[in-house]
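**Student:** For the protein sequence lines, the chains are A and B, in the order given. The opening position of the first sequence corresponds to residue 1 in this note's numbering, with each subsequent residue numbered one higher. The opening position of the second sequence corresponds to residue 1 in this note's numbering, with each subsequent residue numbered one higher.
Because the hints were derived from the structure by calculation, they are not lab data. Glycine included, C-beta positions come from ideal geometry on N, C-alpha and C. Heads up, some of the hints might be wrong.
As the list claims (entries may be wrong) - Computed spacing ranges between beta-carbons, pair by pair: (1) 62/A with 40/B: 31 to 37 Å; (2) 259/A with 352/B: 29 to 35 Å; (3) 369/B with 259/A: 37 to 43 Å; (4) 165/A with 180/B: 38 to 44 Å; (5) 374/B with 18/A: 32 to 38 Å; (6) 394/B with 284/A: 34 to 40 Å; (7) 168/A with 352/B: 25 to 31 Å; (8) 284/A with 164/B: 18 to 24 Å; (9) 317/B with 72/A: 21 to 27 Å; (10) 252/B with 263/A: 49 to 55 Å.
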Amino acid sequence: MNDLNQVESVGGEERWYLRFAYYHRFLHALIIVSFLGLVLTGMPLKYSEAGWARVFAQFLGGIQTAGYIHRVCGVITFIYFIGHLAFALYYILRIREEPLLKWFFGPNSMVPWVKDLEDVIGHFRWFLGFAERPKFDRFTYWEKFDYFAVFWGVGIIGVSGLFLWFPVFFSKFLPGWMFNVAIILHSDEALLAAGFIFTIHFFNTHLRPEKFPLDYVIFTGRLTEEELIHERPLEYARLVETGKLESLRTTAPTKVSLVWSRVVGFTAYGIGLIMILFIIYSALREIH
Amino acid sequence: MRKVLFSFLILPLLIVSPAAALTTSDCFDCHSDDSLTKTVGEREVSLYIDEEIYSRSVHGDMDCTDCHEDLADVEDEHDESVEPVECANCHDDTAEEMSPSVHTGRSGGSGSGLPRCADCHGKHSILPRNDRRSMVFDLNVPATCCACHASTEAASESGPSPSNVCGEYEDGMHGIVLIRSGLIFSAVCNDCHGSHDIRSKSDPSSRVADGNVNATCSSCHTGIVDVFAGSIHGKRLAEGSGDAPICTSCHSSHATERAMDASFLVTVTDRCSECHPEEADTFRDTYHGQVTGMGYAEAAQCPDCHGAHDILPGDDPASRVYPDNLPATCGNCHAGANESFTQYLPHADYHDADRFPQLYYVYLAMVVLLFGVFFFFGIHTLLWFIRAYIEEKGKRA
Numbered sequence: 001m002n003d004l005n006q007v008e009s010v011g012g013e014e015r016w017y018l019r020f021a022y023y024h025r026f027l028h029a030l031i032i033v034s035f036l037g038l039v040l041t042g043m044p045l046k047y048s049e050a051g052w053a054r055v056f057a058q059f060l061g062g063i064q065t066a067g068y069i070h071r072v073c074g075v076i077t078f079i080y081f082i083g084h085l086a087f088a089l090y091y092i093l094r095i096r097e098e099p100l101l102k103w104f105f106g107p108n109s110m111v112p113w114v115k116d117l118e119d120v121i122g123h124f125r126w127f128l129g130f131a132e133r134p135k136f137d138r139f140t141y142w143e144k145f146d147y148f149a150v151f152w153g154v155g156i157i158g159v160s161g162l163f164l165w166f167p168v169f170f171s172k173f174l175p176g177w178m179f180n181v182a183i184i185l186h187s188d189e190a191l192l193a194a195g196f197i198f199t200i201h202f203f204n205t206h207l208r209p210e211k212f213p214l215d216y217v218i219f220t221g222r223l224t225e226e227e228l229i230h231e232r233p234l235e236y237a238r239l240v241e242t243g244k245l246e247s248l249r250t251t252a253p254t255k256v257s258l259v260w261s262r263v264v265g266f267t268a269y270g271i272g273l274i275m276i277l278f279i280i281y282s283a284l285r286e287i288h
Numbered sequence: 001m002r003k004v005l006f007s008f009l010i011l012p013l014l015i016v017s018p019a020a021a022l023t024t025s026d027c028f029d030c031h032s033d034d035s036l037t038k039t040v041g042e043r044e045v046s047l048y049i050d051e052e053i054y055s056r057s058v059h060g061d062m063d064c065t066d067c068h069e070d071l072a073d074v075e076d077e078h079d080e081s082v083e084p085v086e087c088a089n090c091h092d093d094t095a096e097e098m099s100p101s102v103h104t105g106r107s108g109g110s111g112s113g114l115p116r117c118a119d120c121h122g123k124h125s126i127l128p129r130n131d132r133r134s135m136v137f138d139l140n141v142p143a144t145c146c147a148c149h150a151s152t153e154a155a156s157e158s159g160p161s162p163s164n165v166c167g168e169y170e171d172g173m174h175g176i177v178l179i180r181s182g183l184i185f186s187a188v189c190n191d192c193h194g195s196h197d198i199r200s201k202s203d204p205s206s207r208v209a210d211g212n213v214n215a216t217c218s219s220c221h222t223g224i225v226d227v228f229a230g231s232i233h234g235k236r237l238a239e240g241s242g243d244a245p246i247c248t249s250c251h252s253s254h255a256t257e258r259a260m261d262a263s264f265l266v267t268v269t270d271r272c273s274e275c276h277p278e279e280a281d282t283f284r285d286t287y288h289g290q291v292t293g294m295g296y297a298e299a300a301q302c303p304d305c306h307g308a309h310d311i312l313p314g315d316d317p318a319s320r321v322y323p324d325n326l327p328a329t330c331g332n333c334h335a336g337a338n339e340s341f342t343q344y345l346p347h348a349d350y351h352d353a354d355r356f357p358q359l360y361y362v363y364l365a366m367v368v369l370l371f372g373v374f375f376f377f378g379i380h381t382l383l384w385f386i387r388a389y390i391e392e393k394g395k396r397a
């Protein structure tokens, strides 16, 4: 653990660096709230013939109220989606320091590129014990996948959701059978999203042994120098090289923020676990 | 004791008067005593007759012995056992009507425990049926019938009485209108079953036999039955098709629901699915069907698009689901629905590649995506977990 010794020799106590600014944490909070709301109110409809779905709908104040909550959460989804696009535009126009193409294919962009493919292969080789762990940069390939899964998901689910919300309006431009298509897309893409977030995302980001039980970085925005070196050695090296590391230096997260992170995180786990169990139960019954 | 009293007080009067048949006033000499009883088995039965009520009954100006014929020749007191009154002596036409009834035991009943005239009409207090105190006044009919039919066992002696008919009637629309709203025009038992000639449902000449149900309902719901006759169901029924629906195929007989009530609307698909299971299943897969299944009555159910009593096949230009009429039909809920809107497939089955290729391939693509993602990340996660676990353990060791 050379990296760790290095840190300790420098400061004696942990140094903290900022990974996510308030704005990103706020958008992620909107995602958590709206996504849980959408899944809770949408899945009962997808499995409307199951007993649990009716109990769920009753709990949420009846199917009409559930539908209302669903639409409100849909609106929140559009808000964070537009909020993110606005930030992306602002970043490209104002914050970006590299030339457009260099940035686009570089480590500060979410766009998957050759290194990500190499990292996937390298990661599998490490899983199987054939190689060292790949050196990741600011955004890993699974984080980019998460990002585009949400991006694609909001696009597909959001647009099809709008079709279904305002069918008379959209029928001015589209044939009516597109609503049948929209229902399939909306429903199955939602199943994919819920299934992915509540299992794969939860594991990759929070539940894997290194991070268990929770990665606080998305809630507090902060990570330690040790984490940064271990998780994202290329980013750390670049920050040191360009002399920007110190500008990201910040205070340790407060006790309150850690407790709050746990409350939010464990609530999300709980809801996710319940929904996954219900979905698996219903899916298995459908097969029978 | 009473006989002693009778001997000392009344007998001397009879002795001095010329010997003659009992008169009504003779009867009331004893029967106006409200403590007069006899014992039948272990039960004490009152023999008291209210003269005032009797005099106002339909039989009030008749003599007791007109009905109690076996007592006509009795000169003074009579035995405790009196022959049952034979109403048919006068009401012979009614007796004729009764002959095929389940209540005579000739239409499937067994004989014992069958009701007699008095069970429905009373004895000494019989009033015209339009008198609101009459046992057979419309408002009182359900209580009269339910004296036996409230208990399924009581009625079962003379034939099966399915389920809880009295409770169902009371909570059904006819019962609510009659009992809770007090509206006299609601249907009571005899409106559907008849009065004296009540026949078993399995008897083809019964008012409630499958072949006659519609005619029976039409005695009140005249307009609806006319509309029904023009529908595909009505036409098939008239042609003698055995599987054509009758009123009670969709509406409950005793637990009659109001068709605009949510409880009826959210279950109407179940009724239609008896004959149209595939259409019901495909409907249940749609948003309309899903929210209906969750109890939301305002979503479209079968009758919202197809009509109820006036249902016609989709190729009939008068049908609500005939292509030219669809914008108006959809427009009932989706104001402004145009022709393009009506290309929505309300009974689509996306598993059916032949009929709905565009939906099938979208569905297939989603399934492939779903399985692809979970397959890749399932393996990825599993391997990662094993590796990370080993590393963490090594770090701690």
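**Student:** Each hint should be assessed against the structure and marked as holding or not.
**Tutor:** The hints, checked one at a time:
The beta-carbon spacing between residue 62/A and residue 40/B, approximately 58 Å, falls outside the hinted interval of 31 to 37 Å. In this structure the supplied range 29 to 35 Å is violated for residue 259/A paired with residue 352/B, their Cβ-Cβ distance being about 54 Å. Judged by the Cβ atoms, the range 37 to 43 Å given for residue 369/B and residue 259/A holds: they are separated by roughly 39 Å. The given range of 38 to 44 Å is respected by residue 165/A and residue 180/B, whose C-beta atoms sit roughly 41 Å from each other.
Between residue 374/B and residue 18/A, the C-beta spacing of about 34 Å keeps the proposed range 32 to 38 Å intact. For the pair residue 394/B and residue 284/A, the supplied restraint of 34 to 40 Å holds, since their beta-carbon distance comes to about 38 Å. Checked against the hint of 25 to 31 Å, the pair residue 168/A and residue 352/B passes, with Cβ atoms roughly 27 Å apart. The supplied range of 18 to 24 Å is broken by residue 284/A and residue 164/B, whose beta-carbon atoms lie about 38 Å from each other.
For residue 317/B and residue 72/A, the Cβ-Cβ distance of about 44 Å falls outside the hinted range of 21 to 27 Å, so the restraint is violated. About 51 Å separates the C-beta atoms of residue 252/B and residue 263/A, a value consistent with the hinted range of 49 to 55 Å.
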